[in-house]
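Sequence order for the protein chains is F and E.
The opening residue of the first sequence carries number 1 in our numbering; numbering runs sequentially from there.
The opening residue of the second sequence carries number 1 in our numbering; numbering runs sequentially from there.
Treat each hint with caution, since some may be false.
Unchecked claim - Partial selection, computed: residues in chain F whose CB lies under 8 Å from chain E: (1) Gly51; (2) Ser57; (3) Asp61; (4) Gly63; (5) Val64; (6) Gly189; (7) Arg192; (8) Asp195; (9) Ser203; (10) Arg211; (11) Phe213; (12) Leu220.
If you're looking for bench data, these hints aren't it; they were derived computationally from the structure.
A quick note: this is a predicted structure, and the numbers were derived from the prediction, not measured.
A virtual CB, placed ideally from N, CA and C, is assigned to each residue, including glycine.
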Amino acid sequence: MSTHSLPGTRPTTGANAAGLRQDDVRERMLMFGLSVPAILLVVVIIGIPVGWLFWLSLFNDEGVLSTSNYTRMIEHKSYYRIFRTTFNVSFLTTIICVAIGYPFAYFLAQLPQKWANIGLIAVLLPFWTSLLVRTYAWLVILQRKGLINQWGIELGLWDTPLRLVHNLNGTLIGMAHIMLPFLLLPLYGSMRTIDQDYIKAASNLGASPFRAFWSIYFPLSLPGLFAGIVVVFVLCLGFFVTPAVLGGGRVIMVSMKIETIIDLFYNFGTASALGVVLLALTLLVLFISHKLLRLDRILGGGTGT
Amino acid sequence: MADANQINALPITIRGLTKTYGPVFALDHVDLDVRSGEFLTLLGPSGSGKTTLLMVLAGFTRPDHGSALFGDDEVIRMQPHKREVGMVFQNYALFPHMTVAGNIGFPLKLRNVNKATLHQRVESALETVQLEGFGDRQIDQLSGGQMQRVALARAIVFEPRILLMDEPLSALDKKLREHMQIELRHLHEKLGMTTVYVTHDQREALTMSDRIAVINDGKLMQLDSPRRIYDQPANPFVANFIGESTLLPVEHSDGHVSYAGTPVNVSGSESKDGRLLMLRPERLVLLKPGEEADYNTFQGVVKDVVYQGESFLLYVTLMDGADVAIRSVSQRGLLAAVPEVGAQVTLGLHPDETVLIPEGES
């Protein structure tokens, strides 16, 4: 009798062995079949365009295979400036979102569920209206003869209209407003999972309210905060509409440069190369943050279930 | 008796403590004295107010009015972090982002204990709860019993003079729970801090406590030693909540007590004028003919026999229709003599174990 073969290998004899194995295989094929549409979709709408983009970036203006699109980016200082602006704006937007979002999420997390839901709806409601509408609304509010300047001058707070739009200020105000929910939702979610007993325990052990927040609550909210920061930062890197409308041509981000190159020069090679570099940098940001989050977990972070 | 590790314990004095939630009294003018160094258990059904009382002592629930003294100090308006009481939470509330040593060292860090002393005290606390060498573990690597010990170590490491525990063993399985009951008891004897322990498990309360405070509907029903709580309940609620019992109405006439016309000898009862007679299943015996002389007797018919492993239960319907239970150990001889359903039996209750209970809240 050798029905008990090596551990891990399946016995091939015995009642219905062949049939049962067949059922196994069929089940696995079926499961794979179910995921095929999703896989195809990813390949068609992400894989192929990105590959094509990369392919296009390898041809110069004369349609000859070369790396000139990339070398030009290194040679011309203007490209460096654009990337710097992009990261600058993304970084500042993220900071503003954290500065507004963290206290707000904390406030919501302390409220009874019913009131917190109302607060969340207030955040999400504008989220459901068109991006373009919201951006132009900011233009109306912030421009030279807009609401804020009118009120400010009528109330005598300032005499000459403040330059709130068509510059970095306007871009940051608009982007922070649009990005805030992306920071708030994961942050609020992770704050809600923090057991109030942790805070009670901390204060029972002698921690003042501030100390309990700083030593216990804040570290436990970090996973949600990091998740929100990464989402906001990465979304900002490729953002187009808001900086285009509210920046007034003074704040040039990579996405806007790509648009200009295609619109004015019809140069797909250069535009593609810019896209590829932005994509690579974005992936780099994701990779680094992933490593950092890992590191954080090793150091003992995370909400810990 | 005086151990080198022993802490100067503090008594707790509670006066007129009241907390309402809408029309409901969670605490209804509670007066309670916890003696210095004793292990006192707050026992009651869920919603009785026992946890509210503990939370008031810890400072997490603000009462409507009343007073609570730790020693001579009024603490009722003191913030929780200034009260210097240790507390073990029901779900342990161990900080998941810190190691075991980080958790236990946290209260010491807050008190600016220097690094060497901190390390030494954390080690000694780990030793006290028998978790030597666990300092570097993460919280999620611990079993339920280990978390319980860490929570305890964290609550005692800063040497509070009062220790509060909120159903700390309820998440453990039965075996481990019984083991931890004995261990907590020993630890209390060793450390000697005044301990207030909340549980809804009467057996746990009887096993561990110096005294038990039975609480119901926000009121203190009885405060006594486990023996007296069980043997001489002050009211029907306590009699029913602790252990099983059947309460029979009795009549009083010129100093004599009788049940359904039969005189009852109540020489063992502290309450001589109680209107209810308490019958506990394990205090009743099945009498053979001729044994009646020493006992108060009750005639009845066997209604049901239930075998429960270590013991068996006999349900007997008395002549006036009341159902009583009698429990007996499953020894071979006793088991062989179990009457059948429908049989006429005589139950006996020794006068020393015959207890009258005042009527009152049930």
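For each hint, the structure was consulted:
no., hint, in the structure
1, Gly51, "violated, 42 Å"
2, Ser57, "violated, 44 Å"
3, Asp61, "violated, 55 Å"
4, Gly63, "violated, 57 Å"
5, Val64, "violated, 57 Å"
6, Gly189, "violated, 17 Å"
7, Arg192, "violated, 15 Å"
8, Asp195, "holds, 7 Å"
9, Ser203, "holds, 4 Å"
10, Arg211, "holds, 7 Å"
11, Phe213, "violated, 12 Å"
12, Leu220, "holds, 6 Å"
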